[in-house]
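Chains A and B, in that order, are what the protein sequence lines are. 1 is the number of the first residue of the first sequence in the numbering used here; add one for each residue after it. 1 is the number of the first residue of the second sequence in the numbering used here; add one for each residue after it.
For the record, the hints were derived by calculation from the structure and aren't laboratory data. Note that the coordinates shown come from a computational prediction; the quantities given were computed from them, not determined experimentally. Incorrect hints may have been included.
Below are the PhoX-like pairs computed for lysine-lysine, each with C-alpha atoms no more than 25 Å apart in a straight line [to be verified]: (1) Lys60(B) to Lys36(A); (2) Lys39(B) to Lys57(B); (3) Lys64(B) to Lys36(A); (4) Lys36(A) to Lys170(B); (5) Lys128(B) to Lys59(B); (6) Lys57(B) to Lys211(B); (7) Lys144(B) to Lys170(B); (8) Lys70(A) to Lys39(B); (9) Lys130(B) to Lys36(A); (10) Lys48(B) to Lys70(A); (11) Lys174(B) to Lys36(A); (12) Lys57(B) to Lys118(B); (13) Lys57(B) to Lys128(B); (14) Lys130(B) to Lys174(B); (15) Lys48(B) to Lys64(B); (16) Lys64(B) to Lys70(A); (17) Lys60(B) to Lys211(B); (18) Lys36(A) to Lys142(B).
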Amino acid sequence: MIYYKKILIVLIFVLFGNFIHAITLSADLFSYDENKLAEEFRELDYLENLIIENPGISIDEIIEQNSYYKYFLNSEISSPLGITEISAPGKIPSFWWAFSLSIVGSYTIYGAVAGPIAVGVVYFSTKKNKDETKKAIYGCLTGTVLGLGIRYLTTL
Amino acid sequence: MKTIHIKGLLLLFFIFGNLNITFSQQFHRFSADYTVKYKDREGNPIMKMGRVFYDSKEKKIVIKNGFPVKEHIIYNDTSIYYIRVGNIVDHVSTISPVEFSIFHLALNGQLSNYGLDKAGYTIENVIKDKGLIISSWLPSEKYKHSLGEILVSTKDKKLYGIVFLDLNEKIVSKHVFHKYVNIEGFEFPSEVIRIRYFDNYELYELTSYKKIEVNESGNDEYYNYQIQKK
Numbered sequence: 001m002i003y004y005k006k007i008l009i010v011l012i013f014v015l016f017g018n019f020i021h022a023i024t025l026s027a028d029l030f031s032y033d034e035n036k037l038a039e040e041f042r043e044l045d046y047l048e049n050l051i052i053e054n055p056g057i058s059i060d061e062i063i064e065q066n067s068y069y070k071y072f073l074n075s076e077i078s079s080p081l082g083i084t085e086i087s088a089p090g091k092i093p094s095f096w097w098a099f100s101l102s103i104v105g106s107y108t109i110y111g112a113v114a115g116p117i118a119v120g121v122v123y124f125s126t127k128k129n130k131d132e133t134k135k136a137i138y139g140c141l142t143g144t145v146l147g148l149g150i151r152y153l154t155t156l
Numbered sequence: 001m002k003t004i005h006i007k008g009l010l011l012l013f014f015i016f017g018n019l020n021i022t023f024s025q026q027f028h029r030f031s032a033d034y035t036v037k038y039k040d041r042e043g044n045p046i047m048k049m050g051r052v053f054y055d056s057k058e059k060k061i062v063i064k065n066g067f068p069v070k071e072h073i074i075y076n077d078t079s080i081y082y083i084r085v086g087n088i089v090d091h092v093s094t095i096s097p098v099e100f101s102i103f104h105l106a107l108n109g110q111l112s113n114y115g116l117d118k119a120g121y122t123i124e125n126v127i128k129d130k131g132l133i134i135s136s137w138l139p140s141e142k143y144k145h146s147l148g149e150i151l152v153s154t155k156d157k158k159l160y161g162i163v164f165l166d167l168n169e170k171i172v173s174k175h176v177f178h179k180y181v182n183i184e185g186f187e188f189p190s191e192v193i194r195i196r197y198f199d200n201y202e203l204y205e206l207t208s209y210k211k212i213e214v215n216e217s218g219n220d221e222y223y224n225y226q227i228q229k230k
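Chain A extracted, bound-state conformation (with noise of 0.2 Å):
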């Protein structure tokens, strides 16, 4: 009787031990392609080495260089609410800092040009950044006229 029982459990082992570990234990397991990793990364190799080598390099500057990389300008990669980099001095954003010096300056009409020198900071600051010194823009545009606007409305 205890014979068959080692039978069985031998039997067993050799019909389900397959189940039991299908996977085999080895080294291949943990292998990859290496020559497939380089390969995929070759274009991405160059754009780090790229953007070691010059700290601060906007996309758009890496983009005039090599338009592989244009994707980066997709709306995955940019900010969901538009906020994109920190721009103006003081961290804050372009349009609210061209905005707050300009509609001083124009209500004041002696400092009217502290709008156009806060658009120019940030267009400098920004590494001549298109975008942002458009917000800049806009914002000395706004500020400039509510400014006066209130200036007018006081003096009557």
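Start from chain A and add chain B according to the hints.
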């Protein structure tokens, strides 16, 4: 005479006990420049660069992303916050215990088995092949019907690879850790390769770490990042 011996032994225990405390350095802070490169399903290249900060006491992974978007990403056990120009632009609720991040495990000397023993996995089998010690790990009874087996390999007592299997023992993803660097006794893989397998294709991801610092005394504002909820 006997009392002198006991005193001497006590003194020796005291000296060696303290030496042990002095020489076994504790690591609690990690920071490094990182680059993540991958391609999406459409084959578009994606790269992110910045610096990562982690303090095992604060349990927050703080990512100061510099490219392509300047933003701070803060991970804690239940949430991920995306912060740009000081504003929270996105908040995702998730369960991603930072205790199982590569940073926490490395700081606590638990990277060699990726903390699987702490996660309730039990070791099933161990073999040696081509210089790798390979072990298979099974999830706890509670998760046996939803989680697959995990295979872990080590090389020179350092974590080399992890293979995640599904319930049908098919490879879902593979992580390879290599190019280890040693900073004052702290060992960390400067390159991590992740390969995700799908039905008809596989996606590669390469993360590299440079300028690794441990136990940094500055940059407290990042290690203990305070999220300003307005």
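Inset, instruction - Assess, step by step, whether the Cα of Lys48(B) is no farther than 25 Å from the Cα of Lys64(B), and give holds or violated. - result: holds (10 Å)
Legend entry - 25 Å Cα cutoff - pair Lys144(B), Lys170(B): Roughly 15 Å separates the two Cα atoms, so the pair holds.
Inset, instruction - Take the C-alpha atoms of Lys130(B) and Lys36(A), compute the straight-line distance between them, and say whether it is at most 25 Å. - result: holds (22 Å)
Legend entry - 25 Å Cα cutoff - pair Lys70(A), Lys39(B): Since the Cα atoms of Lys70(A) and Lys39(B) sit roughly 14 Å apart, the hinted pair holds (cutoff 25 Å).
Legend entry - Lys57(B) paired with Lys118(B) [C-alpha distance capped at 25 Å]: Given pair Lys57(B), Lys118(B) holds - Cα atoms ~18 Å apart, limit 25 Å.
Inset, instruction - For the pair supplied as a hint, Lys128(B) and Lys59(B), confirm whether the alpha-carbon distance does not exceed 25 Å. - result: Violated, at about 35 Å.
Inset, instruction - Compare the distance between the alpha carbons of Lys130(B) and Lys174(B) with 25 Å, and conclude whether the hinted pair is satisfied. - result: holds (18 Å)
Legend entry - 25 Å limit on alpha-carbon distance, applied to hinted pair Lys64(B) and Lys36(A): Answer violated: Lys64(B) to Lys36(A) is near 30 Å, above 25 Å.
Inset, instruction - Mind checking the alpha carbons of Lys60(B) and Lys36(A) for me, to see if they're no more than 25 Å apart? - result: With a Cα-Cα distance of about 34 Å, the restraint between Lys60(B) and Lys36(A) is violated, given a limit of 25 Å.
Legend entry - Restraint check for Lys60(B) with Lys211(B), where alpha carbons must lie at most 25 Å apart: Cα-Cα ~20 Å, so holds.
Inset, instruction - Would you mind confirming whether the straight-line C-alpha gap from Lys36(A) to Lys170(B) stays at or under 25 Å? - result: Cα-Cα ~21 Å, so holds.
Inset, instruction - Verify the proposed pairing of Lys48(B) with Lys70(A), using a straight-line Cα cut of 25 Å. - result: holds (15 Å)
Consistency note: the structure conflicts with the earlier hints numbered 1, 2, 3, 5, 13 and 18.
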